[in-house]
Amino acid sequence: MSAQNRIKGHGLLSLAKTINFTFDGTTYQGLEGDTLASALLANGVHLAGRSFKYHRPRGILSAGPEEPNALVNIARDSTRSQPNIRATVQELYDGLVAESQNRWPSLAFDFSAINDGLAPFFPAGFYYKTFKWPPKAWDRLYEPIIRAAAGLGKSPTEADPDRYANHYAHCDVLIAGGGIAGLTAALAAAKSGKKVILCDENPNFGGAILYDNALEIDDLSATEWVEKAVAELAALENVRLLTRTTVFGYYAQNFVALAERVTEHMAEPDPALPRERLWQVRAKKVILATGAIERHLVFADNDRPGIMLASAAQKYLNQYGVAVGANVGVFTACDSAWATAFALKKAGVNIAAIVDLRDNPPLELQEKAQTCGIRILRGYTITKTTGRLRVQSITVKPVNGGTSEQIRVDALINSAGWTPSVHLFSQSRGKLKWHANRNLFLPDIYVQDCISVGACNGAFDENELIAEAQAAGNATRKKAKTIRIKNQTSWAGNAIGAAPGAGPNDMVKAFVDFQNDVTAKDIRLAVREGMHSIEHVKRFTTTGMATDQGKLSNMHGLAIAAEQLGKNLPDVGLTTFRAPYTPVTFSTIANHARGPLFDPTRKTPMHQWAVDKGAVFEDVGPWKRAWYFPKAGEDMHAAVNRECMAVREKAGMFDATTLGKIEITGADAAEFLNRLYTNPWTKLGIGRCRYGIMCREDGFIYDDGVIGRMADDRFHVTTTTGGAPRVLNHMEDYLQTEFTDLDVHLTSTSEQWAVIAVQGPLVREIIEPLVEGIDLSHEAMPHMSVREGKICGVPTRLFRMSFTGEMGFEINVPADYGESVWQAVYAQGEPKGLTPYGTEAMHVLRAEKGYIIVGQDTDGTVTPHDAGLSWAIGKAKPDFVGKRGMQRPDLVAEGRRQLVGLRTKNPKVVLEEGAQIVATPGQLIPPAIPMKMIGFVTSSYWSEALGHSIALALVEDGHSLEGDTLYVPMEDRTIEVEVTGCVFYDLDGGRLNGKN
Amino acid sequence: MRNYSVFSLAREALLGHKGWKEQWRSPEPKKSYDVIIVGAGGHGLATAYYLAREHGITNVAVIEKGWLGGGNTGRNTTIIRSNYLYDESAGIYNHAIKLWEGLSQELNYNIMFSQRGVMMLAHNVHDVQVFKRHIHANRLNGVDNAWLTPEQAKEFCPPLNISKQARYPVMGAALQRKGGTARHDAVAWGYARGASDRGVDIIQQCEVTGINRDASGNVTGVETTKGTINAKKVGVVAAGHSSVLMQMADIQMPLESFPLQALVSEPVKPIMPCVVMSNTVHAYISQSDKGELVIGAGTDQYTSYSQTGGLHILTHTLDAIVEMFPIFSRMKMLRSWGGIVDVTPDRSPILAKTPVSGLYVNCGWGTGGFKATPGSGHVFAHTIARDEPHEINAGFTLERFRNGRLIDEAAAAAVAH
Amino acid sequence: MLLIHCPYCEEERPEVEFAGAGEAHIDRPKDMNAMSDAEFEKFFFIRDNLKGVNYERWRHIHGCGRFFNAVRDTVSDKFLTTYKSGEKKPDPAKLKTGKGAK
Amino acid sequence: MAKIKMALARPPHEGRRFANTAISIEQALPASRVSLRAGSNELAELTKPLGFKLPTRPGTSKIKSSLSALWLGPDEWLLINSNPKTVSALMEKLDTIKCSNVDISHRNTAIIISGKAVEDVLNAGCPRDLSLDAFPPGSCSRTLFGKIEIILWRLTDDRFHIEVWRSYSEYLWAYLLDAAKDTG
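Residue numbers (this note's numbering), protein chains in the order written: chain R, 9 to 1004; chain D, 7 to 423; chain U, 6 to 107; chain F, 446 to 629.
No lab work stands behind these hints, which were simulated from the structure alone. It cannot be assumed that every hint is accurate.
[What the hints assert, rightly or not] Below, in silico cross-link-like pairs of lysine-lysine (DSS-like), each with a Cα-Cα straight-line distance of 25 angstroms or less: (1) R:Lys354 <-> R:Lys376; (2) F:Lys561 <-> R:Lys203; (3) F:Lys561 <-> R:Lys202.
Given the structure is predicted, the values throughout are model-derived calculations rather than measurements.
Build out the structure end to end from the sequences listed, making use of the hints.
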């Protein structure tokens, strides 16, 4: 189809550069530089969408981001489907495919439009009053229907292949809005040496001149002036220009968020480019030059396709060379719509009439209208419009009564005047002031280093606007040069609230919020129902809550509510403006943090070796840890049994690198440990280790680990894997803020050392040949000792310790050597049966010995006493963190849950971790709910070495129940268990020294 | 009270809806009341409603600094569940669920309680252990909560990503089918209407500036921006402002108030059939009846009464959402906002008498208060009326921070070590 | 994202480099064992949680690693000042709340 | 006893590099690193073993031949010697002085990033103002990059040295490459 409404000699686009696009399956022709909306209008298409609630046919209303109606789905391909795109903002590209939304079967005939006929039954908030019976029917019947009807577009259904980027930026001056005000401020700031970022949401700078190009600045046409200004700025080093970039959020301390649309306008985007980029800008000063948005008039049936904002019609004409109709009516309370009428007339469009609510519009406008033969209806309103899919006529009537007249039109442009865009100012938490004489909220009290200039500050006159902008931008004392302005368009005059003919007694649909189908009636009803605060009105009617966030509707809603309440408008309150200014893509905010960059994945130096050995990994905090090493045909159970038996009978090796490590140095290191751990440390000899427990002040177990003394003033502390950062922070806190008297320093060495645990009866003979300078004999190096020497020729801190109950060593080597030493040890031991084992086998082995895992066998409510670790509390110590806390009444009371062992009566049954424990079988049949639970299973495994299952549990007064029978009620059965001690294997611990 | 029904709606439709009366009265405060509730959020209004309905105490004022339901009630993500670990928690949240189930009918106000199911994702072995512990405890407490395999989780919530390649693959989920969402404003309005109709005065735009006591320290009423209002009993239900109000009675609270943010997407056709929560990946998401994805973010790290938070908090929320639901990558954030949540050391609420005779407090719900609204109001009304706690809130005392008998839901979900 | 002046690095740094560390000027008693349960409760659980000028601790955890104190208005979130831990509580009356934060 | 086979060092991302017209990223060679902690009274004594006065102005560094000292905190410096073999000697020298010295040569690894787009690429993940006036050559600081902690050290106008814990280096590489995609 060719574009019949494109007018030669108008607009900034080249008629030569045609491109094709499709809308609802029909292919149309547009021009490079078009928006989807301008291209549709060029092709005479006004009908672009359906409303949210009544599914009324809707046309293109605006030419900007405030558009509530023309929302479409655009899909480059199945993975790049994008709902709710504003046709008025989307730039056209060759091959663009757009679909209308929220209609079935077609846009022209939408089945759900039946809602419109039933509208009387669906007033604001109707759903609160019904759908209550029968009780179960709400989420089974009514809600699914309401949900299906609601929603606009469809969510994408495939993962998004595009990339998104982030950029943190800093500047002296950030300017939001690149109209005349923004450009002027930018020039002034840049010339006074400031680092400037200027951004605008449109593809080009210019702002309001995109509507009004009659203006002359310094004897240049507005367009020429803008080009010159932009060129001047682009040439400056200290200026960054960002187009297609929306300032969407204004946060504390001048932290401002921008969304840049990088590729959305391209036919074939370079895959290297991000689709969108988030800019997080810290500005010393923010200049808001966000302009103003024209309001529609609230009158009967003001939502028909073909009815649009006057400024939009002017933009379509002046920028895109598109006439929005051939016989256009004008309905206004503001001078600027007259200018649009004149421009359209000049372009050969018939103006059916200018209907002005005001009795006395400015004389010069009336004279000009007369000279170009436009009919003027002063003091008139519109009481009715016709046309289902496109407006066909308007019915006009004198405001003060009189006879009606129907006038045929094929489009109606209207204006209620201009609303300053104070959204960002309000987001900055500045306070607005109501100016009754102009019906405007304007910035009043600033709380951040920020200034509003131009239309968003109420300066509708270019001379005033430019002076403001120069003053705001200019950081020098120099007086700014004066700029000459000619052919200004007046923005004077406005109307707010319902127009005459849409009053409380008129039974008409006069739309305030188009997308959410909120009429003046709805707002009056809300007030009648007791919604006296604008927040209530908003929530009850949903006005201002659609995707345009009330850019057009807020002021009207306020005015109508105020009128109904008989209050002054500001006393009804103003709903808070919230970020974002316009909707922002989730992934633009997430940007790089997707897929592999969602969260860092930490791997040990031996990770690849485990991968090559076919290990299955588990996530432990940020770490990937080898969980078990299945051989061909083995399931987890078989692999873990094999790994456990290897450790018990021969030897196993385990990657313990992820354990946290902290080097504690300084003359008072031992004293520091005395205060931070429950155990005593002063007497720990050099070369010896001890298991330590850490509590917080509340006396509950916080972390644990083995600590070795390397020198009088140097300790090697280990922490749990997940606890490492927390523990270091906890220690630093006490060191820096409480125990400032101590000479101690803390350094994380978690990643300095790769740690290879070798455990089992054969480990000594396996590693001995690799070790230099350390005597590994029992006598020279007993259990719980540490030595420094060399292994495989590299320095090592070699610990003699065990988390399995077998003789064990933990080989610490500098991380770069970890893999190589691991391989050497494996090569040495493999012939003797040395077997790599994972975290699961480690868990089984330690459970057989009753060693706890903090966070599994304890849960932040368990004291060392509860865990059976009273022996680890330094009774003699005057104080340590947690000592006082564990003396509180409830922590010393009877009936606390204490850690015990459990054996199932049926040895083959393995309890489920987390299973709850009850005392009396009497509760069981019939199951009396609720049951009194006296504890739960914290750890539970099959013990291949013992030939029966084992479990650890926290049980009320557990320590005194040894030998008793308790019950574990499962869904299908009840399991009998016997309470035992925590140690199941090698009760006298002889194996630690290679005995038994 | 004008009955709400499809019939009254139809009748009004033909009369241009001129017949609807205001849903609640907006009276000027009287000199004195039997009970004053400070705070007209869901919990406060519910308390007033049950005082009137269950205990015949109708001479009640609910005093609100702003507009009713304008605090956390109107700002939260409306998740309702009761699959908590400890008996006390399970008790009160399940009490709430039972009340939720009949609430629309009882209030003659559709609060849109939708039992679409709340699914909590397990991403590592430790999560699995913790969730299993919850599931077993819940079963013995009569609370529904079921374990799902990743495949079952995907079947229940098709948009979910259960790929093994995910950074934190889904290892399973705990599903409470009776959990779901409700329409937050409707809850406040429904209770307000019900309370007002029973004689309760709801006084908005009236800030409490002091709590008055007699010589022997007993409460005598409150000072407000609309003058002195007397009452022998005052219940403070002020969420984020609880510390501020309690300080007026010289009571220091174990509370800190943090900013909590939430956001919604543009509305789309139904895609999320249930509520999904992940503590490990830090994201909470559901879809409203309007079609917006409703997403809860985390708290900022500093105390604040500003009702605003940092963008980096939303960044971490949305990267988590996109990780769990890659198909939502191109969805757009439509609106974000902040509330003030009052957090106790053990993350469990305080619903109790105070050392000051005649003063009662209901606070500390942190990020999870909405789900408890009916249960909380119900037992708090009992506590005020009888001057002694209901057995269901007997454990939620102030004293527990002195004797150490905490109800530590947070600790019980301790991080894997 | 707040901008926080680190008294050790002597410049303003983005909030994400810091970790909030709760209310300031709660000292650990020299003799914990002499505390009553009530005193322990106050020390460990009770917080001012003031609406307005608040004294709080921060750690420049991803910077110099130091703990320090700050005076911040919890209504505007503006910092009145920050100071090294161990220094005494500044008098809020003497602190001016300027435009922007700091 | 048989001769022990010497273990091999396998530093992360050995020899890894990326370059386009605007940015170059390369894995730094292994080096000696010591975390040095000392109070103000100890500073004087340290001058001799180090061969220079430690920088005491926040966020500044000092380089003398192969040894560099980076101010990280009021009592904390990172010592880097480009020769990986010198760490034990350095540790021993410091052992004789009242200070805290901990060998972290293997805890950290480093990436060198340079080119005209270097500030843009770093600002994709680092929230700091990296302009020359705010962060001139010689500046160094612990900070954040995306979700990880790094030490950022500016060597010249368009060349940075980034220290990172070894297990985070994979994330750092991936992020830098992602950020570099649309440069050059």
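Here is how each hint holds up against the structure:
Simply put, Lys354 of chain R and Lys376 of chain R have alpha-carbon atoms about 12 angstroms apart, close enough for the 25 angstroms limit, and the pair holds. Restraint check for Lys561 of chain F and Lys203 of chain R: satisfied, since their Cα atoms lie roughly 19 angstroms apart, inside the 25 angstroms limit. Proximity of Lys561 of chain F to Lys202 of chain R is assessed by CA-CA distance (about 22 angstroms); at most 25 angstroms being required, the pair is judged to hold.
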